[in-house]
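Engineer: Now for the letters of each chain:
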Amino acid sequence: MKKLSARRRHPLAALVVLLLALACTGGLYAVFAPASKAQADETAQSLAIDEGKKLFAVGCASCHGAGGQGSSDGPSLVGVGAAAVDFQVGTGRMPAQQPGAQVPRKKVIYTQAEIDQLAAFVSSLGAGPNIPTEAQYGPDGADIAKGGELFRDNCTQCHNFTGKGGALTHGKFAPSLEGVDPKHIYEAMQTGPQNMPSFPDTTLSEQNKKDIIAYLNAVNGDDTVSPGGLELGGLGPVSEGLFAWIFGLGALIAVAVWVAARTAKAKKS
Amino acid sequence: MSTNESTAANGARRDKAPAGERVADWADGRLGIYSLAKANMRKIFPDHWSFMLGEICLYSFIIIILTGVYLTLFFHPSMNEVEYHGSYVPLQGQLMSEAFNSTMHISFDVRGGLLIRQIHHWAALIFLAGMFVHMMRVFFTGAFRKPREVNWLFGFLLFVLGMFTGFTGYSLPDDLLSGTGVRFMEGAILSVPIVGTYLSFFLFGGEFPGGDFVARFYSIHVLLLPGIMLGLVVGHLILVFYHKHTQFAGPGKTNNNVVGMPLLPVYMAKAGGFFFLVFGVIAAIAAIASINPIWAMGPYRPDQVSTGAQPDWYMGFSEGLIRVMPGWEINFWGHTLVLGVFIPLVIFPLVLVAIAVYPFIESWVTGDKREHHILDRPRNAPTRTAFGVAWITWYMVLLIGGGNDLWATHFHLSINAITWFVRVAFFVAPVLAFIATKRICLGLQRRDKDKVLHGRESGIIKRLPHGEFIEVHEPLSQEQLHTLTAHEQYEPAAIGATVDENGVERKVKGSEKLRAKLSEAYYGEESQIPKPTVEEYKEITSGHGHH
Amino acid sequence: MSSQDIPEENLPAEQDAHGAVGVADEKDPFADPGLPPHEHRVQDIDERAARRSERTVAMLFTVSMLATVGFIASYVGIPHDKSIFVFPIGHINALNFALGLTLGLALFSIGAGAVHWARTLMSDEEIADERHPIEASPEVRAKVHADFKQGAKESALGRRKLIRNTMFGALALFPLSGVMLLRDLGPLPGTKLRHTMWRKGLQLVNMNTNEPLRPSDVAVGSLTFAKPEGLEEHDEEFQTEIAKAALMIIRIQPDNIKDKRELEWSHEGIVAYSKICTHVGCPISLYEQQTHHVLCPCHQSTFDLSDGARVIFGPAGHALPQLRIGVNDQGYLEALGDFEEPVGPAFWERG
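Protein chains in written order, with UniProt numbering: chain F, 1 to 269; chain A, 1 to 547; chain L, 1 to 351.
No false leads were slipped in.
With a Cα cut of at most 20 Å, we get these calculated SDA-like pairs of lysine to any residue: (1) A:Lys517 x A:Trp364; (2) A:Lys43 x A:Val259; (3) A:Lys43 x L:Ser123; (4) A:Lys244 x A:Trp49; (5) A:Lys146 x A:Gly235; (6) A:Lys38 x A:His245; (7) L:Lys82 x A:Val110; (8) A:Lys43 x L:Arg131; (9) F:Lys265 x L:Met122; (10) F:Lys183 x F:Gln136; (11) F:Lys106 x A:His410; (12) F:Lys265 x L:His38; (13) A:Lys449 x A:Ser542; (14) F:Lys265 x L:Arg51; (15) A:Lys43 x L:Ala128; (16) F:Lys265 x L:Thr56; (17) A:Lys538 x L:Lys27; (18) F:Lys265 x L:Glu39; (19) A:Lys244 x L:Ala136; (20) A:Lys244 x L:Ala128; (21) A:Lys38 x L:Pro133; (22) A:Lys369 x L:Arg131; (23) L:Lys27 x A:Pro475; (24) L:Lys27 x A:Val534; (25) A:Lys449 x A:Leu484; (26) F:Lys265 x A:His48; (27) A:Lys38 x L:Ala128.
Read the hints as simulated data drawn from the structure, not as lab findings.
Predicted, not measured: the structure shown is a model, and the values here were computed from it.
Assemble the whole structure, with the sequences as input and the hints as a guide.
Structural biologist: Below, the structure is given as structure tokens:
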């Protein structure tokens with residue numbers, strides 16, 4: 001998990017952990033605390049919702065409607081949950097640039113704080129999956145091999161053996177999972193963005209998701225070893241065949257040209 | 001033994017020849033090797049890089065056999081289920097067949113096993129690519145003409161058998177990718193009318209996947225097919241020696257001789273050295289590029305699949321056929337005719353046969369029964385060249401179809417649009433390629449003719465006294481003149497007289513008419529540029545109007 | 001088809017027809033001037049250059065020896081599971097890389113040395129060798145034909161028809177025993193392809209969790225794979241059974257289901273389709289939850305799961321079979337029978 005470990009060393013890591021911890025405790029508190037004691041949190045929450053509503057009105061409402069009820073240009077966001085917002089906006093897919101077969105991943109234009117506010121607003125429209133915590137998608141306690149089996153069961157058909165992506169109908173595609181934040185992978189499984197089906201906790205348990213993310217990191221992470229050498233895109237026989245033709249046969253023909261060429265003759269001086 | 005003693009001994013006993021000579025004498029007395037060596041030791045081989053394409057194939061075949069034998073020492077062709085406990089972590093504890101498990105063992109726990117596996121697989125891809133290019137070289141230069149038609153067929157069979165040997169070998173590790181390929185094969189067999197279901201049950205020992213196919217494919221892959229191929233390779237080589245190599249036209253090269261270097265020592269060193277060069281290049285490729293990483297694919301399970309499921313490149317055109325075929329299915333009297341699968345299955349061999357039978361069609365059209373040892377330049381046989389390019393285009397269109405999903409993702413296209421493109425191009429592209437190639441050939445023929453008659457463009461611009469600029473053309477040397485005019489030109493065959501001397505009308509057979517038509521298409525006015533005649537040449541060179 | 005009816009004049013002149021070798025005469029400017037004179041290489045006239053070549057060849061052979069030593073050293077010295085980072089290849093296995101490069105170098109150097117030797121030091125004089133026609137001379141041909149006729153006559157094969165016919169009969173029949181021996185390669189198909197493990201009352205077990213599924217587990221837009229209750233991965237017949245029984249469970253808003261039978265066979269919009277493509281049997285499961293299309297990754301057959309899984313693109317010939325499902329008294333999803341039609345690729349007896 002190079003991404004995570006790199007982040008762990010980051011000067012702001014402590015802050016992030018702190019924030020996450022705060023968010024967790026806040027969440028837990030919100031669940032367990034009696035309503036009267038949650039007053040302070042509720043104020044913070046409603047502030048976030050207000051901010052999120054403003055952001056929503058500017059960036060999202062033109063397609064999804066002022067109240068997130070959806071329009072002909074965009075689906076309703078009632079009940080999609082914070083996880084969906086965090087995924088769509090956090091990977092830069094939303095706001096969409098142009099209509100097309102599929103909205104691709106692009107540069108993220110909101111800060112994480114703004115995304116959280118948007119998420120707070122959208123989840124206030126109707127209950128849905130929450131943003132997962134690192135404890136949920138982190139590598140601790142994950143079974144990589146089981147994750148591999150689950151990955152081959154549920155994911156490879158669209159995303160390829162090691163998550164290199166693949167084609168769908170009419171120009172749509174399953175994107176490559178290379179370099180995608182584990183949190184976003186978790187959210188994608190949970191919410192089923194765009195044409196991807198969802199894999200809710202009821203059918204693909206939290207542990208299952210954790211295993212899958214751990215497997216993906218093992219076979220398609222920054223430190224993944226490709227024992228045989230160049231991975232050639234990890235696309236299988238097509239790229240291997242191209243390589244064999246261009247570099248294999250190409251090199252051999254170059255050698256053959258040398259073997260068969262006439263040796264330079266002595267110049268008459 | 002000191003020098004003095006040895007000379008003394010030699011002098012004393014004349015029959016005490018050097019050891020090598022004595023061994024050779026011994027062998028000759030029993031095997032008659034001297035007569036064999038007399039004909040072959042100083043055999044002449046012409047030098048041209050394209051004549052070494054066949055050697056690439058031969059050597060990669062030998063490399064495949066050597067590495068394949070090594071792999072059999074570790075591979076277990078069994079589908080018994082075992083749990084994985086090797087050193088590759090992401091598969092720990094997974095259920096898999098022994099075939100997959102032993103391939104993992106070769107790749108991760110046998111030192112050098114991965115290297116040999118990768119050499120084996122890379123060499124296989126290069127073997128088939130080499131055969132393809134070699135076959136095209138023979139085709140485009142007309143080297144398949146009499147007396148080499150049988151050798152053309154041998155070579156063609158080697159290519160086809162190589163495809164199937166490759167396919168069975170690719171299926172052996174029982175990984176998710178190859179298993180998907182085997183499943184496809186089972187579906188294709190099921191589509192065969194009447195006997196398909198039975199064939200499938202006999203091949204797989206029951207229902208798919210069963211527990212037998214790895215062991216059965218194994219004996220086909222390591223014994224049956226390579227055995228036949230070895231025989232064909234030997235036959236192919238014997239015929240190459242027997243026929244002597246073809247050569248390109250040039251000064252001193254005629255249909256009755258072969259010009260080049262002797263086998264001993266030059267070609268012994270060059271060909272022997274080339275074996276090591278080929279092996280070296282393939283070993284280096286296996287060191288730097290991964291092939292068929294089965295650990296990333298995982299063991300086969302019939303309910304799992306990965307996107308981008310493709311066969312190795314040589315099977316790609318069949319994949320293209322099956323992908324672009326519309327899903328036709330006819331149900332009648334309780335039976336199903338699965339045309340959507342069966343038609344591609346029938347076209348699959350026909351694609352290959354189309355190129356295999358071409359030499360016989362050409363020889364029928366020309367009616368030429370003479371031996372040909374001088375190669376054609378592709379431009380001088382426009383119809384043949386155009387046919388060859390059309391065939392390659394056809395093949396390539398199908399390869400595009402076979403990889404349509406990767407085209408879609410890498411060029412941001414719709415998979416459906418690519419499929420439709422291939423469906424149309426399957427019929428249209430070869431025709432366009434044929435027309436374009438023929439025109440290019442004729443253009444090149446014209447250029448050759450101009451070169452012969454007017455000389456080479458020297459690039460020197462001269463200004464004449466009256467102000468006109470001309471480019472100076474240099475006349476060609478006699479060697480060049482000969483080389484450019486050495487090719488043959490056929491005339492279209494006419495249907496012979498339909499009325500004999502007694503006025504009795506002869507019935508003209510349909511085949512004769514067809515041949516006359518084809519011959520006209522091959523050698524008619526629009527299909528070749530008459531090569532310059534001596535008269536034309538003299539007229540232009542003797543006059544002073546020539547610039 | 002013989003060529004006898006092709007008039008001779010249509011065949012081009014023999015290639016060597018224009019002029020004998022070597023005379024560049026006035027009459028035929030295109031005549032073959034014959035082999036050009038041999039030109040010497042530097043190595044042929046300058047002993048120092050020849051010695052340089054010799055040293056190059058020897059150096060290449062020495063490099064090969066060193067590389068072989070390197071190969072053995074790598075084999076012994078490098079742990080088989082050590083990985084290294086090599087730019088620009090990435091993280092790779094050190095042993096594979098070292099063994100491959102040393103082996104490649106050892107072999108390539110031998111080859112390069114031999115070829116360099118042949119190219120620079122062995123004679124490069126081109127020699128012309130005569131060809132002889134492949135076909136035999138007429139005398140030999142006549143002799144062989146006569147011999148064959150004599151032999152055939154002595155065998156009396158043509159005359160004693162009874163011997164000939166029975167011999168052909170025997171030779172034609174005996175391979176049948178070989179064909180017979182192939183019979184036990186596999187059982188007869190029977191109706192095996194028509195049935196799967198599914199039957200009434202079997203619960204649908206989630207492949208991920210190995211737990212039976214409740215209707216509430218399956219959300220709209222989700223995708224789940226299921227197997228029949230009682231089928232475990234360790235079972236001997238697992239592969240063969242799952243190859244037919246694999247299920248794909250999705251949930252569609254009942255209003256969005258266009259096919260009447262599909263709705264009937266579903267449970268509150270939960271539909272169970274065979275995961276095995278009807279084209280050639282790939283596990284088809286590239287489900288697009290907004291369009292309800294499912295695509296096969298092997299050959300791109302596309303099925304519309306909201307409309308009876310009919311084929312809307314690609315080479316598949318018929319719809320995916322649907323499994324009729326309901327809920328048992330414990331509230332779990334169960335099958336209400338086997339598939340009504342054979343799953344997987346079509347075959348002759350399918351009908």
